[in-house]
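Visitor: Letter by letter, the chains look like this.
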Amino acid sequence: MAESPHLDRRQFVAVVTAFLGTVMGVVVGLPAIGYLLSPATKVQKKEAWIPLGPVESYAVGTPTLFSFTRTTVNGWEKTVNSYGAYVVRFSPDQLKVFSNICTHLSCRVTWKEDAQEYVCPCHDAHFDAQGQVLSGPPPAPLIEYETKIEEGNLFIHLVVG
Amino acid sequence: MAAKVFEWIDERLGLIGIYNTVLDRNVPKVNWWFTLGSASLFLFVMQAVTGIFLAVYYVPSPDHAYDSIQYIMNGVAFGWLIRGIHHWGATFMVIVVFVHMLRTFFFAAYKFPREVTWLTGVVLLLSTLGMGFTGYLLPWNQRAYWATTVGTEIAGTVPFIGDFILRVLRGGNDLSAVTLARFFAVHIWFLPAIIAAMIGVHMYLVIRLGISAVPKEED
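Just so you know, the protein sequences line up as chains A and B, in that order. The first sequence maps to residues 1 to 161 in my numbering. The second sequence maps to residues 1001 to 1219 in my numbering.
Rather than coming from a laboratory, the hints here were simulated on the basis of the structure.
Chain B regions said to be covered by chain A (calculated; three or more residues, Cβ under 8 Å): (1) 1054-1060; (2) 1066-1074; (3) 1079-1088.
Glycine included, every Cβ here is placed at the ideal spot set by N, Cα and C.
Chain A extracted, bound-state conformation (with noise of 0.2 Å):
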């Protein structure tokens, strides 16, 4: 190249080659990262009040489990994911209602009645009725849900996502 200007055949050849190749490998190849990706770069944001009944059927004093499922589409194929909320009436008109996952890893905890804590048995967490850390890896409290009564029915909000 130095002691001549202009570019012999086969370095034409090479040049277009590469240049070509780099074209169809950006136009290619970038879909191709896009198609691997897609699936994460959607959220699906997943919020609801969540029905849990009438206030009164829960008693008051003993944390109680109420169980529902949620169903999203993933894809090619509905997914159904089982929750878990612990309703406590600490008094007639004071309630709090937790979510049973744990938050060291998210196991389920479990309202142990004799001991009055929630256990988790994955790595041995406990929380006590208020979801407050007693021992154990978690790093944070029991997640609280937000709450509302309407017409005496329980409600919470779910927020997933």
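Got chain A; can you put chain B on it based on the hints?
Guide: Quick look at chain B alone, frame taken from chain A:
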């Protein structure tokens, strides 16, 4: 620096030797018909790559095959492009491989010492048709279902053992989930493995023996 790195690698891998043997070999004066082999190889690689990408979302089950393809077409970015390339590339590959065979036949390039190249080419042509036949069922739509019904029925007309062949192809008497699963396995594992191995032998022979010249009038 880059030259030194390349030198280090080349000393150990012999890349220049590969380049000289594979790409810088002597070829007679030929014409555009002699590009069909490379075109077939390119199409095979393209089908393999797009096929691998389709396998990310496709599910070979009657419950989900059709829906998973609808998802590829409408739910995934550029899914229509990947599937479109695979769909049209398949048709194009059958044509190119077939014309490649015709060129070899009419130019008498199958003669000594290239008989084995021709024989592996026969396996490659039949495998390509097998890829077309098995891939046609996978969308699990009406056309796929009835085309495979008819195709397996045709195989069933073979005297004496036809009924057995039909049941082997379908994995039973009926076209079912078993048929879909075995067609899928043959489409993505068995035939690609055979094709890849045969391409290896085919290309080794092309490099070893060189390619034949265009026949002259006195040949």
